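Heads up: the protein sequence lines correspond to chains C and B, in order. Counting along the first sequence from 1, when you hit position 73 you're at 73 in this note's numbering, and nothing is skipped either side. Counting along the second sequence from 1, when you hit position 32 you're at 32 in this note's numbering, and nothing is skipped either side.
Simulated from the structure, these hints should not be mistaken for lab results. Among the hints, a few may not be true.
Unchecked claim - Partial selection, computed: residues in chain B whose CB lies under 10 Å from chain C:
#1 N76
#2 F91
#3 E167
Stated by the list, open to error - Just a sample of chain C residues kept apart from chain B, beta carbon distances all over 12 Å, derived:
#4 P22
#5 A60
#6 R62
#7 I71
#8 I92
#9 T96
#10 V150
#11 K229
All values derive from a computational prediction rather than experimental measurement. Heads up, the beta-carbon is just placed ideally off N, CA and C, and yes, glycines get one too.
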Amino acid sequence: MDALDQLLKTFFDWEAMAAVVPNMLTVGLPNTLILAVSSGVLGCILGMILAVMGTSRNTALRLLSRIYTDIFRGVPAIVIILLIGIGLGPLIRELTGSTNPFPLGILALTLMASAYIGEIFRSGIQSVEKGQLEASRALGFSYNSSMQLVVIPQGVRRVLPALVNQFISLIKDSSLIYLLGLLASQREIFRIGNDAAANTGNLSPLIAAAVMYLLLTVPLTHLVNYIDKRLRTGRPEKPQPDDAAALIGKGAQP
Amino acid sequence: MSDFAAGSLTGKNLHLSFGSNHVLRGIDLHVETGTTASVIGPSGSGKSTLLRVMNRLIEPDQGDILLDGRSVLKDNPDELRQRIGMVFQQFNLFPHKTVADNVSLALRKLRKLPAEQARAEALAQLDLVGLKHKADARPANLSGGQQQRVAIARALAMKPEVMFFDEATSALDPELVKGVLALMADLAEGGMTMVVVTHEMGFCRNVSDTVTFMDAGVVVESGPPEQLFTNPQTERLQGFLSDVL
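Could you build the full structure based on these sequences and the hints that come with them?
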């Protein structure tokens with residue numbers, strides 16, 4: 001069974017994997033996390049701005065948010081990363097003297113993620129019952145305070161699962177940053193696996209990279225399910241009978 | 001129950017249209033200081049809309065609103081609404097906040113009270129509606145009647161000059177209605193100025209000082225409850241009363 005051995009060796013050459021794992025853990029994993037977490041956080045901020053614009057009563061703001069979202073959601077990630085990362089590279093070099101591709105990579109991922117996150121937040125905000133805004137305004141809160149204190153906190157809670165899904169996407173999409181050219185110390189999980197695979201002509205390092213991604217994403221997937229379930233069934237106590245309702249006053253005996 | 005910072009409220013010739021739908025067609029409504037005005041009428045007659053126009057949740061197309069005899073149409077609407085408490089059919093408590101936080105939110109953010117003072121004030125209001133022991137529960141863990149009483153406490157915490165009740169008992173199970181109506185009757189007795197949109201004819205008849213019958217965006221008949229209930233002048237009110245009584 002030479003062919004089968006060959007196949008096994010191509011994918012599961014343990015030595016080739018073992019050789020690449022230390023580097024993946026000390027260099028690749030931190031870099032992947034830096035890319036995903038920073039663009040995730042920035043994407044949430046920009047996404048919230050887009051969502052607030054998208055649910056605003058101002059038509060121009062709504063239109064602006066719509067156009068942005070359509071563009072950055074409709075163009076493949078690889079195109080945005082190349083356009084931003086390579087196109088703006090010389091400008092950044094001139095301004096800061098830095099050739100580090102991370103800031104522009106993070107910017108590209110942020111712009112893209114914010115379009116999705118904005119839509120996630122918008123759907124959450126719009127799912128909050130109209131009565132909530134009305135009750136808050138009736139207390140005397142302005143529209144902005146009502147959104148900030150009452151509507152948005154509820155909307156965000158409802159879309160936490162979708163938000164975690166988006167973060168999973170970001171972890172995977174961060175691998176595309178390799179296109180911008182990375183120094184040895186800047187490589188993320190995929191690039192380290194890919195380099196090793198290219199050098200040895202064996203795909204096992206890429207399998208190691210895949211496992212590394214799964215170690216990050218699978219727990220998150222389960223976290224999504226957990227949050228989702230808690231949001232659905234998170235009503236621990238049952239409503240109690242209205243025992244304290246005193247039968248007093250004229251209204252009690254109509 | 002102590003007396004309230006009550007004021008009189010007047011709506012004059014209020015008009016409102018949504019597109020071609022003329023919802024309010026020149027409504028006049030006056031509530032004297034410390035009295036209760038009930039507004040009754042078939043669904044779709046514009047009762048709930050009238051409340052929302054009178055606290056400017058919806059701006060009227062035409063007409064005037066006077067609080068304590070002074071027009072408030074040019075005031076900041078947010079400040080006007082701090083002076084008018086409102087209770088809704090669906091309670092509309094904030095589900096992400098505890099009962100105490102629901103009541104103290106406006107005290108902290110609008111009245112700028114320190115957190116502790118706001119909580120103490122909230123607990124006092126909750127005590128008044130018999131729900132101090134639920135202060136740290138979430139609204140979802142309360143019965144409908146309890147939720148509505150928290151909503152009343154939330155509105156009262158702002159020391160409003162007028163209270164609006166928009167079918168406050170319509171969404172409640174029958175056995176929970178009495179407690180909420182009793183609380184509303186106590187408020188009326190304590191001298192709160194109230195406008196009560198209701199289908200509870202018993203409450204309307206026994207507690208309110210004036211009753212206004214609305215149909216299709218106009219006031220058809222208004223006066224003291226005895227007069228409207230025992231001697232309705234118009235066919236429309238006669239028909240309505242025979243349907244609901």
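Status of each hint after checking the structure:
1. N76: Hint on B:N76: holds, closest Cβ of chain C at ~9 Å, below 10 Å.
2. F91: 8 Å, holds
3. E167: 13 Å, violated
4. P22: 45 Å, holds
5. A60: Non-interface label on C:A60 holds, nearest chain B Cβ at 22 Å vs cutoff 12 Å.
6. R62: Check passes; 21 Å lies beyond 12 Å.
7. I71: Non-interface label stands for C:I71: nearest chain B Cβ at 33 Å, farther than 12 Å.
8. I92: 41 Å, holds
9. T96: 42 Å, holds
10. V150: 6 Å, violated
11. K229: 16 Å, holds
Of the numbered hints stated above, those contradicted by the structure are hints 3, 10, listed in ascending order.
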